[in-house]
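The listed protein sequences derive, respectively, from chains A and B. Mapped onto the numbering used here, the consecutive letters of the first sequence carry residue numbers 20 to 132. Mapped onto the numbering used here, the consecutive letters of the second sequence carry residue numbers 5 to 120.
To be clear, the hints were calculated from the coordinates, so they are not data collected in a lab. It is possible that some hints are incorrect.
As the list claims (entries may be wrong) - Heads up, simulated DSBU-like pairs for lysine-lysine below, C-alpha to C-alpha not over 30 angstroms straight-line:
hint : chain 1 : residue 1 : chain 2 : residue 2
1    : B       : K26       : B       : K73
2    : B       : K73       : A       : K76
3    : A       : K76       : B       : K26
The lines below spell out each chain.
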Amino acid sequence: KAGVTQTPRYLIKTRGQQVTLSCSPISGHRSVSWYQQTPGQGLQFLFEYFSETQRNKGNFPGRFSGRQFSNSRSEMNVSTLELGDSALYLCASSLDRGNTEAFFGQGTRLTVV
Amino acid sequence: AQSVAQPEDQVNVAEGNPLTVKCTYSVSGNPYLFWYVQYPNRGLQFLLKYITGDNLVKGSYGFEAEFNKSQTSFHLKKPSALVSDSALYFCAVRDRGSNSGYALNFGKGTSLLVTP
Numbered sequence: 020k021a022g023v024t025q026t027p028r029y030l031i032k033t034r035g036q037q038v039t040l041s042c043s044p045i046s047g048h049r050s051v052s053w054y055q056q057t058p059g060q061g062l063q064f065l066f067e068y069f070s071e072t073q074r075n076k077g078n079f080p081g082r083f084s085g086r087q088f089s090n091s092r093s094e095m096n097v098s099t100l101e102l103g104d105s106a107l108y109l110c111a112s113s114l115d116r117g118n119t120e121a122f123f124g125q126g127t128r129l130t131v132v
Numbered sequence: 005a006q007s008v009a010q011p012e013d014q015v016n017v018a019e020g021n022p023l024t025v026k027c028t029y030s031v032s033g034n035p036y037l038f039w040y041v042q043y044p045n046r047g048l049q050f051l052l053k054y055i056t057g058d059n060l061v062k063g064s065y066g067f068e069a070e071f072n073k074s075q076t077s078f079h080l081k082k083p084s085a086l087v088s089d090s091a092l093y094f095c096a097v098r099d100r101g102s103n104s105g106y107a108l109n110f111g112k113g114t115s116l117l118v119t120p
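This is chain B alone, in the form it adopts within the complex (with noise of 0.2 angstroms):
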């Protein structure tokens, strides 16, 4: 079985600072990760993916993440959050060796306010 957990429910940090969204995984085989961001009444936009190689991984609009085997943990940041980055945000993992096929197992989702 696989599994995402998304500890915080919401993260506030201020505009300029640096931000984290902490995620941990739970998969038998080794993982795909990802992380997807959605703004208000629209999809899933993705951000960024870990397959293999580098355990930092950098995606779009300025957002990194950093996966630690050891600790099973893929945790988004940014060094420096902008307003517009106020969302909800949503680990996904996906085990290669799973018999569930290729169906993405979702977190519950970071809402991330970003005060001016």
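Excised from the complex, chain A in its bound form (with noise of 0.2 angstroms):
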């Protein structure tokens, strides 16, 4: 069975551009959550989808967004791109939510400059 595939691995964007990045789940998992991983602030959570549906959104400012689609693949966009956004973006898939554990991608390393 196929892991949780995120694209692009690499990005390097400019202040004040946008960016998406796509997670595909494993599949028939349905639930989705986004992680930041920053060697200051570590892992946090950025929001969860489940059924098409943003079950949970972390504390970050507006200019990030996501949607999951109806085969359970899910995008993220930053807006208005910051120095501070660098970071390893990790998408994690689960079978469903509560005690089942997540299984992560490989991340997208997203640099700004």
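The two chains are supplied separately, each in an independent frame; assemble them into the complex guided by the hints.
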């Protein structure tokens, strides 16, 4: 069974631009979550989608948004990029919500210059 | 509110010796607890979880963790460390009764270095 696939793996953007990251969950998994990982702040929750609906959102500005499609694939978008948005963005998929473990993709390394 | 503390930034252990990576948590209700490992430039790999039942949970690669409700701890252990266990380890909690949904709240991570 294929794992969680994130594309692209690496991205370099300029301040002020916007970016879209993609995540394909494990087949059959319905929940997709996004996390931001930085050396200073560690792993921080961005949002969770289940059945195409955002179920939960972390403490991030409105520049960060996402969506989930009917096939459970998910995208996240960051508009008006800032230098501080440079991070590893990790997508995780779960079979369901609650007590099921999340499986992570390898992440997208975003560098804002 | 829920939180996780990993009190050690780094743990050093000699190959063949037992290892322990510490984790304490704080939740308003009963927790779901997880351990993940991250190798350089990679995503997180699931090791094990505690949901309910036996306090000693066995996971992947010979790792196990002990849930202690009175001490609100969930320490990761392995009887005999391997050099290949060297990586960054994250403890995470999810509060099953929380209004914050099903987000995982991660600790800061502990870097494990196993020397030959």
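Hints and how they fare:
1. K26/B to K73/B: Answer holds: K26/B to K73/B is near 14 angstroms, not above 30 angstroms.
2. K73/B to K76/A: holds (28 angstroms)
3. K76/A to K26/B: Answer holds: K76/A to K26/B is near 28 angstroms, not above 30 angstroms.
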